[in-house]
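Novice: The lines below spell out each chain.
2 protein chains.
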Amino acid sequence: MATPTTATRPTPERIFNTLNAYQQTAALKTAIELDVFTAIGAGANSAAALAAKTGAAEKGLRILCDYLTIQGFLTKAQGSYALTQESALFLDGKSPACLASMAEFLSSKQTRSNFDSLTEAVRKGGSVWSEGRDNSKPNDEFWVAFARSMAPLTRPSSEFIAGLLRAEEGKPAKVLDIAAGHGMYGITVARKNPKAEIVALDWPSVLQVAQENAKRFGVTDRYSVRAGSAFETEMGTGYDYVLLTNIFHHFDLPTCETLMRRVHAALKPGGKAITLEFVPNEDRVTPPTAAAFSLIMLANTDKGDAYTFAEYEKMFRNAGFAKSTLHPVPEMPQQVIVSEKSA
Amino acid sequence: MATPTTATRPTPERIFNTLNAYQQTAALKTAIELDVFTAIGAGANSAAALAAKTGAAEKGLRILCDYLTIQGFLTKAQGSYALTQESALFLDGKSPACLASMAEFLSSKQTRSNFDSLTEAVRKGGSVWSEGRDNSKPNDEFWVAFARSMAPLTRPSSEFIAGLLRAEEGKPAKVLDIAAGHGMYGITVARKNPKAEIVALDWPSVLQVAQENAKRFGVTDRYSVRAGSAFETEMGTGYDYVLLTNIFHHFDLPTCETLMRRVHAALKPGGKAITLEFVPNEDRVTPPTAAAFSLIMLANTDKGDAYTFAEYEKMFRNAGFAKSTLHPVPEMPQQVIVSEKSA
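Here the protein sequences come in this chain order: L and Y. The first sequence begins at 136 in this note's numbering and counts up by one. The second sequence begins at 136 in this note's numbering and counts up by one.
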């Protein structure tokens, strides 16, 4: 009689490791805080050399670096650590593509505290965090932290969006960047198209970060701001493009539709709304990172979600956009939806 | 000229997911708290049916179950969720092998708080938790929680150890179970060998849990206890076996050696010390779960670690054991070291 072989019998190891998965976040965050990747990139490739460089304990660094090796962020050979291609590109402070600042926002105390209350969030179907209840109201500290820490992550998507806007062709274009945050989406368009004019809309304190970035990238002469809520502030009209990057997932669909009606009114005929989002497939479990984003919205917002393309298309149609098309962003787990206003 | 292809170029996705890895722990813990796996096992296989059964919000359950599907703990087909082989065996409350209670201890508030201070722990080379500084002192609440929650995980290793002790042969055997905790290692030997007599050593409040379990498994007539520290309490002598399960990793090697000398004195000639541990290979980065255990000890203890077999063998030799052998535990990321006292 056939009995299950030990090879197919599950073991408790994966459950054990998932209950310990928070340790992966802590280890990566600690390595970033102690600037371990930068130190290894600069040649400190043993626990002793790292201790000399960072001032931390040799034992602590040995255990941390072994753990990072197990997680695939370092390699280890003959007791010597080295960066992987991934950590050299994204975690070494000397790399222009360094994403280390992202750790600050993604695993912030507030967000982790919201996940500590995940059971309650599942019970009520939304965040228990009072500030997360209404993202149409200012929450300066949170969004300034977002603007300051998440800018480096936008490079692939902002360049992809600039490409969709044919920025390199250099034709005059009036662009509204809604909930601009760090402002990098609009700023990238302005950098690539010297005839683009950007209007950034966000809360006043957040716009300061966008304006700092506009200055840093030398586009202030074509960069203006409108302070306030995306739902209430006068947006202006006659835009060629309106950018809606990572905003819809904070709200329920009727609220999104209200915003999209305002966007439709602000666009000139033939103008385009450009939505950047985590868009899961209809099954809502693929692709993994986009689909998993729903849980982040459940924990952090009152009514947010990661919507499918069918949901977006229908909602945009209700708001006046006859047709929307979906474009996966290269190198990123996000997608862009382009919706054109009838000419 | 050859340029790197986009296929080999790393993307930020894995770093993004690692900074969010704490969410995997939260989701699994929430599913256990809401008894979602048991409800699905009982046939509630849609978000609506789960909402009716658990009283939680349908939206919350849909997002949670989608996330668990992404993580591989559920399957989803035509909108209907089902248990995997793994979750049916280990997460459904109706399964005799259910490990759900483990969530309580592994991701306890205290342990997660210790990981919140991981950067400081790496700096000093040991836990910043004052209670973790000396595991030779009682810490009742913590170890009672351990004893109550971790017992189910011991099945594979306790049965393997009972096999190494040839418990099924039923020969008279006097067994000392040091830092017995839930007591399941000694109790399993007693269950399989009606002529085995177990002496359990631990802090008084923890021994109450062991005694409850001894009663539950009907071995109280051959179960006695010695309350106190493994480093100070009179152990008795003439033991055939001394069990040292998951104790050495809390201490530095000189402290372990002190304990092992006491164990050597307590054994009769030809008696065996049985050590259950996370034993990484010499490279300290494989096998992954055993090697990663070092970080848990760094965060939670003053001087603990996951030691290699070479370190254990040398330390045991110093304590009087001429020879030790290593035995991997089937289905588990741990290993057993058998050390024999000369006849």
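In short, the hints are calculated from the structure, not lab data. There's no promise every hint is true.
Identical chains blur together in the list; that is why a pair holds if it fits in one copy or across any two.
[Said to hold, decoys possible] DSS-like, lysine-lysine: derived pairs with alpha carbons at most 25 Å apart:
#1 LYS403 / LYS229
#2 LYS407 / LYS330
#3 LYS194 / LYS449
#4 LYS309 / LYS330
#5 LYS403 / LYS327
#6 LYS327 / LYS309
#7 LYS244 / LYS259
#8 LYS306 / LYS229
#9 LYS306 / LYS350
#10 LYS194 / LYS259
#11 LYS188 / LYS259
#12 LYS330 / LYS449
#13 LYS330 / LYS259
#14 LYS259 / LYS211
#15 LYS306 / LYS188
#16 LYS458 / LYS350
#17 LYS350 / LYS229
#18 LYS458 / LYS211
#19 LYS330 / LYS244
#20 LYS188 / LYS327
#21 LYS188 / LYS350
#22 LYS458 / LYS188
#23 LYS449 / LYS229
Since this is a predicted model, take the numbers as computed values, not measurements.
Novice: Confirm or reject each hint.
Specialist: Quick rundown of the hints versus the structure:
Taking identical chains as interchangeable, the C-alpha atoms of LYS403 and LYS229 are never at most 25 Å apart, the minima being 43 Å within one chain and 61 Å between chains. Proximity of LYS407 to LYS330 under the C-alpha cut-off of 25 Å is restricted to the intra-copy arrangement: shortest distance 17 Å within a copy versus 82 Å between copies. With identical chains, the CA atoms of LYS194 and LYS449 are at most 25 Å apart between copies only, with a shortest distance of 20 Å across copies and 57 Å within one. For the identical chains of this complex, LYS309 and LYS330 are intra-copy neighbours only, at 9 Å inside a copy versus 88 Å across copies, given an alpha-carbon limit of 25 Å.
In this assembly of identical chains, the alpha carbons of LYS403 and LYS327 lie at most 25 Å apart only when taken from the same copy (22 Å versus 81 Å across copies). Taking CA atoms no more than 25 Å apart as the test, LYS327 paired with LYS309 passes inside one copy only; the shortest distance there is 14 Å, against 80 Å between copies. For the identical chains of this complex, LYS244 and LYS259 are neighbours both inside a copy (22 Å) and across copies (23 Å), given an alpha-carbon limit of 25 Å. Within a single copy, LYS306 and LYS229 get their C-alpha atoms no closer than 35 Å, and across copies no closer than 66 Å, so neither meets the 25 Å cut-off.
In this assembly of identical chains, the alpha carbons of LYS306 and LYS350 lie at most 25 Å apart only when taken from the same copy (22 Å versus 83 Å across copies). In the homo-oligomer, the alpha carbons of LYS194 and LYS259 lie at most 25 Å apart only across protomers (9 Å), although the nearest pairing inside one protomer, at 45 Å, exceeds that limit. Only between protomers do LYS188 and LYS259 lie at most 25 Å apart by alpha-carbon distance; the minimum there is 15 Å, versus 49 Å within a single protomer. Taking the shortest Cα distances, LYS330 and LYS449 never come within 25 Å of each other, neither inside one copy (33 Å) nor across copies (73 Å).
For a Cα distance limit of 25 Å, the shortest separation of LYS330 from LYS259 qualifies neither inside one copy, at 49 Å, nor across copies, at 55 Å. Proximity of LYS259 and LYS211 under a CA criterion of 25 Å is satisfied inter-copy only: 23 Å between copies versus 46 Å inside one chain copy. Taking identical chains as interchangeable, the C-alpha atoms of LYS306 and LYS188 are never at most 25 Å apart, the minima being 51 Å within one chain and 59 Å between chains. For a Cα distance limit of 25 Å, the shortest separation of LYS458 from LYS350 qualifies neither inside one copy, at 36 Å, nor across copies, at 70 Å.
With identical chains, the CA atoms of LYS350 and LYS229 are at most 25 Å apart within one copy only, with a shortest distance of 22 Å there and 62 Å across copies. Taking the shortest Cα distances, LYS458 and LYS211 never come within 25 Å of each other, neither inside one copy (52 Å) nor across copies (31 Å). Proximity of LYS330 to LYS244 under the C-alpha cut-off of 25 Å is found in neither arrangement, the shortest distances being 42 Å within a copy and 55 Å between copies. In this assembly of identical chains, LYS188 and LYS327 lie within 25 Å of each other by CA distance neither inside one copy nor across copies; the values are 40 Å within and 55 Å between.
For the identical chains of this complex, LYS188 and LYS350 are neighbours neither inside a copy (34 Å) nor across copies (56 Å), given an alpha-carbon limit of 25 Å. When the C-alpha separation of LYS458 and LYS188 is checked against a cutoff of 25 Å, the pair qualifies neither within a copy, at 57 Å, nor between copies, at 41 Å. Neither within a single protomer nor between protomers do LYS449 and LYS229 lie at most 25 Å apart by alpha-carbon distance, with minima of 45 Å and 43 Å respectively.
Checked against the numbered hints listed earlier, the structure breaks hints 1, 8, 12, 13, 15, 16, 18, 19, 20, 21, 22, 23; every other hint is satisfied.
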